[in-house]
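> Kindly produce the complete structure, drawing on both the sequences and the hints.
Okay, so the sequence shown: first residue is 7 according to the numbering used here, each after it adds one.
A few of these clues could be false.
Pair ranges (Cβ atoms, derived) [said to hold, decoys possible]:
1) 52 with 112: 35 to 41 Å
2) 222 with 25: 44 to 50 Å
3) 238 with 130: 44 to 50 Å
4) 38 with 162: 45 to 51 Å
5) 161 with 228: 28 to 34 Å
6) 24 with 99: 41 to 47 Å
7) 234 with 52: 21 to 27 Å
Under the rule of at most 25 Å between Cα atoms (straight-line distance), these lysine-lysine pairs were calculated in the BS3-like manner [said to hold, decoys possible]:
8) 110 with 61
9) 70 with 137
10) 16 with 191
11) 103 with 61
12) 191 with 138
13) 16 with 137
14) 228 with 16
15) 137 with 47
16) 92 with 235
17) 71 with 110
18) 110 with 16
19) 200 with 164
20) 191 with 228
21) 47 with 16
Think of the hints as simulated: they come from the structure by calculation, not from any bench. Beta carbons: idealized from backbone N, C-alpha and C, even for Gly.
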Amino acid sequence: MEMIEPMLSKLVEVDVHLSGVWISEPKLDGERIIAVGGGDKISLWTRRHIESSYKFPEIINDLKKNIKGDNWILDGELTVPGGFRKLLKRNTEDKTKISILSRKLPATFNLFDIIRFQGEDLTSKPLAQRKKVLLDVASPGEHLRIIPFKIVTTETVKDHFEKSLEDGYEGLILKNASSRYESGKRSDNWLKIKRTETIDVNVVGVTRSTGSIAFGALILEKDGQYFGKVGTGFSDMDRREILDFLEKNREETPILLPE
Numbered sequence: 007m008e009m010i011e012p013m014l015s016k017l018v019e020v021d022v023h024l025s026g027v028w029i030s031e032p033k034l035d036g037e038r039i040i041a042v043g044g045g046d047k048i049s050l051w052t053r054r055h056i057e058s059s060y061k062f063p064e065i066i067n068d069l070k071k072n073i074k075g076d077n078w079i080l081d082g083e084l085t086v087p088g089g090f091r092k093l094l095k096r097n098t099e100d101k102t103k104i105s106i107l108s109r110k111l112p113a114t115f116n117l118f119d120i121i122r123f124q125g126e127d128l129t130s131k132p133l134a135q136r137k138k139v140l141l142d143v144a145s146p147g148e149h150l151r152i153i154p155f156k157i158v159t160t161e162t163v164k165d166h167f168e169k170s171l172e173d174g175y176e177g178l179i180l181k182n183a184s185s186r187y188e189s190g191k192r193s194d195n196w197l198k199i200k201r202t203e204t205i206d207v208n209v210v211g212v213t214r215s216t217g218s219i220a221f222g223a224l225i226l227e228k229d230g231q232y233f234g235k236v237g238t239g240f241s242d243m244d245r246r247e248i249l250d251f252l253e254k255n256r257e258e259t260p261i262l263l264p265e
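Structure follows, in structure tokens:
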């Protein structure tokens, strides 16, 4: 199957200047997922091209019931109560655990875009038009949600951002309403504003532990360069779950480490 790369957002400050018509969406603490439906098959793909539909039967059931038409591709964020660290618990191959966790730690697929419908490529259509198609095609379910959006201006960005934080979100996503879907690109037409104490980095490895804990520290990179390590703030269970997730999603990532 042709892999669909999600469109990505650029990090900006809250005093960003917006030109034209823009919308705002809450920034969620989950995992980006591309959902592909055709015939009687539905698949869920992560940004690393890992097929994960079998891990989330509750999402598949809702997509089957709540998406009209056929041959579609949806873009959204997969979340569970408690955020991304809790979502790591759902990263299991065990069928019994999958069944139990789908009830005890149910996921929600939060939809915000549609890339294809009835076989028609929608990437060249403006976001406002794609949003209309999405609202016509998808209906909310127990595990399916359409992310709300509002018109935003340069003058109201700060208010929208502060409200998103008050509501418990990570921050704010800003999108140009006339923008096309730029697959695989970090575009100026999609922007994100996050809490000032956060920074986006990638985990590329772990250091060995000196005791019984799963690992010593996470090795981080940013823009292809070594960024540092972080080894505090994790419980023993957190470490086991993180290491399990990394082992199941590992890939070769050459990076030069300091002496």
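> Take the C-alpha atoms of residue 191 and residue 228, compute the straight-line distance between them, and say whether it is at most 25 Å.
Satisfied, since the Cα-Cα distance of roughly 17 Å is no more than 25 Å.
> Measure nothing beyond the straight line between the CA atoms of residue 92 and residue 235; if it is 25 Å or shorter, mark the hint as holding.
Since the Cα atoms of residue 92 and residue 235 sit roughly 22 Å apart, the hinted pair holds (cutoff 25 Å).
> Could you grab the alpha-carbon distance between residue 103 and residue 61 and see if it respects the 25 Å cut-off?
holds, 9 Å
> Within a Cα-Cα threshold of 25 Å, do residue 47 and residue 16 meet the stated pairing?
violated, 33 Å
> Taking the CB of residue 161 and the CB of residue 228, does the distance hold inside 28 to 34 Å?
holds, 32 Å
> Can you confirm whether the C-alpha distance between residue 110 and residue 61 stays at or below 25 Å?
holds, 13 Å
> Between residue 110 and residue 16, does the CA-CA distance stay at or below 25 Å?
It is violated: about 35 Å lies between the C-alpha atoms, which goes past 25 Å.
> Hint check: residue 137 vs residue 47, CA-CA at most 25 Å. Holds or violated?
Between residue 137 and residue 47 the Cα gap is close to 24 Å, so the pair holds against 25 Å.
> Hint check: residue 71 vs residue 110, CA-CA at most 25 Å. Holds or violated?
holds, 22 Å
> Between residue 70 and residue 137, is the straight-line Cα distance small enough, at 25 Å or below?
holds, 20 Å
> When you take the CB atoms of residue 52 and residue 112, is the distance between them in 35 to 41 Å?
violated, 19 Å
> Is the distance from the Cβ of residue 38 to the Cβ of residue 162 consistent with 45 to 51 Å?
violated, 26 Å
Checked against the numbered hints given earlier, the structure breaks hints 1, 4, 18 and 21 and satisfies all the rest.
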